[in-house]
Amino acid sequence: MIIEYQRPESLEEAIKLLERKNPTSLPLGGGTVLSIKQKKEDFAVVDIQNLGLNKIEVQDNLTTVGAACDLQSLIESSQIGTSLKKAISREININMRNMASVGGTIIAADGCSPFLTALSAIDVQLFWQPGDVETSLSEWLPLRSGKKPGLLLEKIQFNDQVKLEIRSLGRSPQDYPLASLAIAKWQNGRMRIVIGAIRNSHPLLAMDGKGTQEAFEEAKKICKSALEGQKHEAYLASVLPELVRQMTQEL
Amino acid sequence: MDITLTLNGKQIQWTVSASDTLLTILRKQGYFSVKFGGCENGECGACTVLFDGKPVNSCSMLAAQADGHRIETVESLGEHPLRGWATSKGLHPIQQAFIDTGAVQCGFCTPAFILAAKALLDREPNPTEEMVQEAISGVLCRCTGYIKPVQAVLRAAAILRGEQVEPINPEGLEIPLEWMIPTGSTVPSEEPCGDEISPVQTQVLPKIWVSPETTPYATVGKPEQKLDAVKLVQGKSAFTDDIEQRGMLYAKVLRSPVAHAKIKNIDTTKAKALPGVAAVLTWKDLPRVAYSTAGQSDPLPGPLDTFSLDNKVRFVGDRVAFVAAETEAIAENAIGLIDVEYEELPILLDSQQAMNEGAPILHDEPDYVNFADSDPSHNIAAKIRIDIGDVEQGFKEADKIFEADYEVPKVQQAHIETHIVITCWDEDDRMVIRTSTQVPFHVRRILAPVLKLPMKRIRVIKPRIGGGFGGKQEVLMEDVAAHLTIATGRPVRYEYTREEEFTSARSRHPMKFHLKTGVKKDGTITANEMYCLSDTGAYGCHALTVTGNTGNKAMGIYPGDGKYRKNPNIRFYADIVYTNTSPTGAFRGYGGPQGFWAVERHMEKIAHDLNLDPLDFRLKNSIRSGELQPFSTAWSEGREPVPEIINTVGLEECVKLGRKETCWDEKVDNETWHTIPGKPHLRRGIGVALAMHGSAIPYLDMGGASIKMNEDGSFNLLVGATDLGTGSDTVLAQMAAEVLGVKLEDMIVYSSDTDLTPFDKGAYASSTTYVSGTAAVLAAQKVAERVKERAAILINKKTGSNFKAEDIKLADRKAFSPDGQSVSMSEIGYSTIHHFDQEQIMGVASYVSPVSPPPFAAQFAEITLDTITGEVTVDKLLMAVDAGVIVNPLTASGQIEGGMSQALGYAVSEEMTYARDGKPNETNLIDYHIFRANEMPKLTTMFIQTYEPSHPFGVKAVAEIPMDGVAPAVANAIYNACGASLSQNPATPERVWDAIQIS
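Heads up: the sequence lines are chains E and V, in that order. Here our numbering is used: the first residue of the first sequence is 1, the next is one more, and so on. Here our numbering is used: the first residue of the second sequence is 1001, the next is one more, and so on.
Incorrect hints may appear among the rest.
Dumping the calculated EDC-like pairs for lysine to aspartate or glutamate here, alpha-carbon to alpha-carbon at most 16 angstroms [stated by the list, open to error]:
1) V:K1679 - E:E250
2) E:K231 - V:D1927
3) E:K155 - E:E57
4) E:K86 - V:E1935
5) E:K231 - V:D1350
6) V:K1679 - E:E242
7) V:K1054 - E:E76
8) E:K231 - V:E1922
9) V:K1919 - V:D1350
10) E:K86 - V:E1130
11) E:K231 - V:D1994
I should point out that these hints are in silico values taken from the structure, not numbers from a laboratory.
Produce the complete structure using the sequences and hints provided.
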């Protein structure tokens, strides 16, 4: 259980607290994924609400979002594109979006997460402290369960000129998706396709290249290999490539 | 640690621990408006508070996070307008709008809605409907279907902007005249055919086709405000958990991790040694009493196959041990310290394997008590064999035989308030059970032998219920707390988590069907046969009766045409079998939704095959006024059946009006309508299903009421009936007030307490308005007789007249003599209680119905289908309902809207499944998806009144019928859209996609 609550006023202070081994200290964003009851061991939380990490800044086509920024603020921001907002609104309900932080969601969201799938498609960069370590989200995701590049995810950054299309498959318009699919297209023709279809894993990068022709085949290939033995295998392996074809045409 | 926050405008300092959630602290401090829905992922939103003006879930937030912030709960808004000598600020406009629009049903989530609405209106005074839907979408509601809460917020917004809004009250807005169409006339041609948006003020009221036999009443038939709404919009401490008992212990139950096993050994030493643990109970500690948890009248129509604790577990989530401790956390830790050695047994998950030779046997205990045809040696909990007419001859007379298989899944009631009970010994050493139950009297009767207490030593109090839907027609967990109170002598609180609701509560029976129907070329059904294999899970609660109802309702609606109307040929065989899954039980609809899925899909397919209009084909074969309910000759919930003639059938009018309102004929075969320009992968479809339900269980279930007159002319109405949020307290009071000639506000309703209120079977079987309502009317008539006697004496004294009681009429809070003289109710009250020949005017009455007049409905659905993904978006649901005379259009339409919303989940998203080891796959309200406000289709309710002569005000039931038709109507709409034919619900994208591939 949580045995200690800290609310540092500076990043340095936060890092010092997080460096402690006794008690084990974890960053606290919104708290929504802090499944208190499942944590049998004692640990401390370091609340990052006073660190000024809740800003959304745009400069030179680069959008920077602090890790403590709540998801609803992204939806309400005029600096965030419609497709990303759509992904966020499908991620979690409004009450939880008022609490859930960008950082916490990146750390904890599952493999079908529309937000994570969308971020991965637009090739979001993560910045970790201490050390100002920069990693690509999609490169880090497969390593997510291991040691993190830093003690605290400070912010994320992405190119806001990228066109994004997101689709989530569900039983109803607001159902948590059984699969999410995001396609991002850069002005230079670069295209990234990310498929979020395995709940206990992470969204998978299906293609990072050029050309809509290859998109369908690449999506088909990754669906075939990654979904083998998974829930809804036959269905998703057929439907997702078709959606890729449809979405790339729309892009 | 100390935290300082601004709570409802006042600075507060509290000492909290680092692990305390904001919810825990707020409730500990008495802010009971903040509810807990048992979830761990913030799915339900019942715990909403405003955090710096934004709605957040206080269950998912640490109290420490609130340090330095501004928190608002609904306690900060308004208050009751009458505060004695103190000035009241009155209710907040949002609270008042929730009352006015009928947006409050069970009220458990109402404070959360109101706060979410406040947050929206504080920043956006003129929101669109879509903005409101989004703003309140963090709060799940299982009662309302969200229409009325959305309208409430729009209305409040208008009021807060200073605009005039039309009143929605009995004196103000009447049912719009254009909707009052005499029976027999056609729908006016100028009736809009499409999507015109009505003004806010009228969207909360249904369209009503008024029966010409209906007398205009003073309060019956009016959209009266719910009597309990004022307390619920304030978040008053009305629910089971909203009390604090000194010295209360917290209970937890160790649940089985395996689906089928003998408990070889159980060691509680470590758990008992944990500081703060007051008791640990295992099967060794408790008397072994076989009982059934089904909350039904005596004798229970089912096997006695359950024990409080047993040395065998039969499903993942079955009970293993009980713990009571000083805190929930200690109880939880103690659970983890109990060592259990299981001897695992082969498991049975597939109902189709249950009766096979060599199948694992769930109930091999010698003290199992059979009921009728239950046969535990073959895993049979119950068996039904009903033959009406000569089915084989009927098949011979058919031109074509249609056979098909259908299947429905297990689904959960998902009431937002989970099961909760608090028990204690009172000062007389009687066991007091405060519980969120639909059946307080059955709880008392069923638990007495289990607890080894005489029934008179038990008192059951039912406070406000946060939704039930059949899930609380079960004596599910009261025994846990009661056993622990007996063991410790202390009050014990036990609350189900959301996970326990999925693993260890009851649910709707999954069923597999085979249907065989003989039809002549002209569409006449000559014989209809259904075989149903029903899965009761590990225990047989409601096994017989739910499945009996499946045939009774779904097969009873279509006797056939011509000579078959008098002599229908119907066969209904069912086996209800045990499996190693969580037990099933009562869920709103009680077998109907399952049966109508199969029958209405089947009818659709037959109509298409014979190239007949699906509506005409159904009406040709459906039951009509004056005909025998075929099943009444063969079925009656474990009692002797009594043939019953159906007096009122408004089905034809339901179809006619629904057909018109949905523009059925312009859509059903119109390729242009089916397609969406520029989106070749999308197809529109329209579908229909008919439904018939019942009003109470005839010759069996009794309702009771007592009424006492006070000197100010008010009346206490005490009922054993249990208002689950349906508005039954209000509806019963409306009927009593009508008889007594007083205003609804003069009725003070209390329900229910086994010590104080008359017996009532409880809230189930669509019986409250019909059976308990009749009891209330009969009690009111007894009181009215005495009131008239006293009035005649008073008037005669005053005027020297010689009027008799039978000359007196009661109206407008007065008693009138034929010459217009009157005395007020208050004068009568004071004179009888204080002034002369004193007496307490009281009336007690009870009622058992000899009939169960069915409500009828035509359910329409419109959908858009994505042919690439199989995703179905339900765009519109319209239900045209014949529920007799509508006592309260606000509450009745709330029932239809809420019911359709639940049924919508059954249609497209709700399903409980199991892994190969018997572990449930869905244990939260994310994986198990119930609809949110921002994804609802347009819902329309139309009441087509008939006047049911067996009820004093002509009413029939309304609560369960909306569950029956939505799923098949949606599936039929899918069929209409693209020819994909589903045999199994829900219509998930994968299932629909599969069907598209086949089609």
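Checklist entry - When you check the alpha-carbon spacing of E:K231 and V:D1927, does it fall within 16 angstroms? => result holds, 13 angstroms
Checklist entry - Taken at face value, is the distance from the CA of V:E1922 to the CA of E:K231 at most 16 angstroms? => result The hint holds at about 14 angstroms.
Item to check | Distance restraint between E:K155 and E:E57, which requires alpha-carbon spacing of 16 angstroms or less | outcome: Satisfied, since the Cα-Cα distance of roughly 11 angstroms is no more than 16 angstroms.
Checklist entry - Hey, E:K231 versus V:D1350, does the alpha-carbon distance stay inside 16 angstroms? => result violated, 20 angstroms
Checklist entry - Is the hinted pair V:K1054 and E:E76 satisfied, with a Cα-Cα distance of at most 16 angstroms? => result Status holds; Cα separation ~13 angstroms.
Checklist entry - Does V:K1679 pair with E:E250 here, judged by a C-alpha cut-off of 16 angstroms? => result holds, 11 angstroms
Next on the checklist: Need the status of pair E:K86, V:E1935: alpha-carbon distance at most 16 angstroms?
Outcome noted: Status holds; Cα separation ~14 angstroms.
Checklist entry - Is the hinted pair E:K86 and V:E1130 satisfied, with a Cα-Cα distance of at most 16 angstroms? => result Holds. E:K86 to V:E1130 sits at ~15 angstroms (cutoff 16 angstroms).
Checklist entry - Within 16 angstroms, alpha carbon to alpha carbon, are V:K1679 and E:E242? => result holds, 15 angstroms
Checklist entry - Quick one, are E:K231 and V:D1994 close enough, alpha carbons at most 16 angstroms? => result This hinted pair holds, its Cα atoms lying about 15 angstroms apart.
Item to check | Given pair status - V:D1350, V:K1919, alpha carbons within 16 angstroms | outcome: holds, 14 angstroms
This entry does not satisfy hint 5, going by the numbered hints stated previously; all others are met.
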